[in-house]
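A.B. asks: Two independent chains are provided; combine them into the complex using the hints.
Each protein sequence line maps, in turn, to chains A and B. If you're matching positions, the first sequence starts at 1 in this note's numbering and goes up one per residue. If you're matching positions, the second sequence starts at 1 in this note's numbering and goes up one per residue.
Just so you know, the hints here were simulated from the structure itself, not pulled from any lab data.
Partial selection, computed: residues in chain B whose CB lies under 7 Å from chain A: (1) Pro-102; (2) Leu-162; (3) Lys-171; (4) Leu-174.
Sample of chain B residues with no beta-carbon within 10 Å of chain A, all distances over it, derived: (5) Val-3; (6) Leu-61; (7) Val-145; (8) Glu-198; (9) Ser-199.
This one's a predicted model, so the numbers in the text were calculated from it and none came from an experiment. Just so it is clear, CB atoms sit at the ideal spot from N, CA and C, and this is done for glycine as well.
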Amino acid sequence: MTSRRSFVLALSALVSVGCGNQTLDEATRTTRSGGPPVSAETTCAPTDQAQYVYRPARLQVVEPCVRVTGTVVASSAEADGDVHLQVRLDAPFTGLLTVGNQFEDGDLIVEPVCHFPPLQADAIRVCASDPDPLDGALPGVGEHVWMEGRYILDLQHHAWAELHPLYRWGTVNP
Amino acid sequence: MKVPIWIGWIVATTVGFALGTTLSTFLVGATARPLSPVLGGIIFVLLYGLVIGIVIGLAQLPAIPRGGGSWRAWILATPLGAAAGFAVASVVGEILGNTIDPSLNVVIAEGAIESTSGAIVGLGIGFAQWLLLRRLLPNGRWWIVTSVVGGALGYGAAAAVLEVLDVPLLKANLVPSFGAILGLLVGVSQSLVLWSSESRGAGTRGVRLTT
Chain A
1 MTSRRSFVLA
11 LSALVSVGCG
21 NQTLDEATRT
31 TRSGGPPVSA
41 ETTCAPTDQA
51 QYVYRPARLQ
61 VVEPCVRVTG
71 TVVASSAEAD
81 GDVHLQVRLD
91 APFTGLLTVG
101 NQFEDGDLIV
111 EPVCHFPPLQ
121 ADAIRVCASD
131 PDPLDGALPG
141 VGEHVWMEGR
151 YILDLQHHAW
161 AELHPLYRWG
171 TVNP
Chain B
1 MKVPIWIGWI
11 VATTVGFALG
21 TTLSTFLVGA
31 TARPLSPVLG
41 GIIFVLLYGL
51 VIGIVIGLAQ
61 LPAIPRGGGS
71 WRAWILATPL
81 GAAAGFAVAS
91 VVGEILGNTI
101 DPSLNVVIAE
111 GAIESTSGAI
121 VGLGIGFAQW
131 LLLRRLLPNG
141 RWWIVTSVVG
151 GALGYGAAAA
161 VLEVLDVPLL
171 KANLVPSFGA
181 ILGLLVGVSQ
191 SLVLWSSESR
201 GAGTRGVRLT
211 T
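Here chain B stands alone, though its shape is the one from the complex (with noise of 0.2 Å):
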């Protein structure tokens, strides 16, 4: 039995994120200091998105619709997104952080810099996937505007889950899990746009690369 596209593109993304944040955090977290003083921090910030962008688009590969462009570009535009999309992201942040009242309700407040901020990580990942797969999505459009939905509920619930649910399992494994509860968000708004044009029979059938 075929497991259709839209399933494999949620497991690959979620799986991307979560080894993706993990691996970018103790990778980057353990070797990039020296780069902190650059730019107040932004240097180290957009190596922080590269890397997690390069293992997202590494885990995405296998699911890619057919004829979704060659994956040398996939694996150069993926990274690049996400790493415009953390630097902006985590500017844009500090300031709503800065001018939200700290005496507001701890949850209102976080998510809404956490939505706002998953948003714009989805806008550059999602904008760059959009590149190459335009031509071969008919609602291609719909590509960014999911990714920017699923980043924004992503960032939400994962903070909110670590930081509301006491749940032991997740807090000892809190950066896969972050990075799992984003992934899969993305992923499963994401994949309404390939099971629609898998429902349209648009081209997205099966599982092969350009190469």
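In isolation and in its complexed conformation, chain A is listed as follows (with noise of 0.2 Å):
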């Protein structure tokens, strides 16, 4: 397990550092966070969304902040208030996934939180002291985008891979 973690830690520490050059570099970019628009220069940096999430116990983090590029292959409102988004990662980011990610074909999980008041009993009172949601709309599905979130193992899920929380993103201009 430890040998496990620490190649993870170890690939998605390579990983990120090189999608910052690559994403930045290779893409203009249109924020739909809510912020001002994300220059080139701009590293990955968290929000207080991470405050939010309910049980946090229940996600490892490895690292505080990773930046990807894909496609959004599939949305789902849940019940905990989070948005369920699959992304279909680029080539340079699938060594973010686990062999957990397979039971969501393959795809990277990404997570905004506290979307809309959950109806789930123990993330009503976390998410109802959230003043500062992501706003604006998420990404539809076929859109090819950028994202940055804290990157996480899901242990309740079999530990497959996500974006939670999703911190910004923007669509990636061909």
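C.D. replies: Have a look at this one:
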């Protein structure tokens, strides 16, 4: 377990370093996070959204912030107030995936938290205390996007890899 | 043919929960964010429960047994019970969630958390409504018990169905589906008391309100 974790950590560190250069240099972006447009010099910086994740112990944090690019292939609302996005990662980022992601068709899971008031009881108060969830529209199915979020393994769901929470996103211009 | 009052109750409660959760989710979610920092979000949760309770109370009005108290009292009691229930349930649910080992099977863990929280929501609503129904129903105390059981089963079932079963229609209509499943189980459970009273002919026939 320790060696696997170390491997994932090392791999993610390598990929995130590489991905920063690759995506920032190659793509011009439009931010959809409600903040200012992301410049080419922007580094991946966490927002305050991680503190509004309910039952935080179920998520094993690997990296506080990682940037990826990929195509959204599915989107659904969850009872915990999060939105569940499945993202087919671009080739340079597939190393972030774990065996568990096979349960999600080999896609990365990306979850903006507290997108609406949750129905699930253990998430209600935590999300109710979140004054500034990621606002604006989320990417639609088929959109090619860059995304920044906390890179975690979901211990409740086969330890699959996620960006959870999603901090910001934007479209990747071809 | 006259529809038995317990059937009307199940329909009204199911519709009330479905509409209530939907309206509250979108209305409170869109307008109450400025209240989020107050008391760690508890005011937000109280408002959330209040709106759900108002809609549940309104939906149940036509199905309340004759002599069930004034409609004003019903519209007041149900939201207050729901608000209190959701507020306490949200705190208890969070504590349970942070206590249970995250490596425990997700169905068991979520089932325990959601059922316990649902029981508390049921207790809030059931107790508030019992205050108005206790003089009408000879077995009125069971109203609280059935509300607790219905809330526990309903919350557990709703979470399980939407988490475990990948039914596209339900997933696409997540909020009303959750509310409808919860309301159905609460309604069925509570209706046992009405059915029992109706069988005894204990003044529950008819669908008139005292004004």
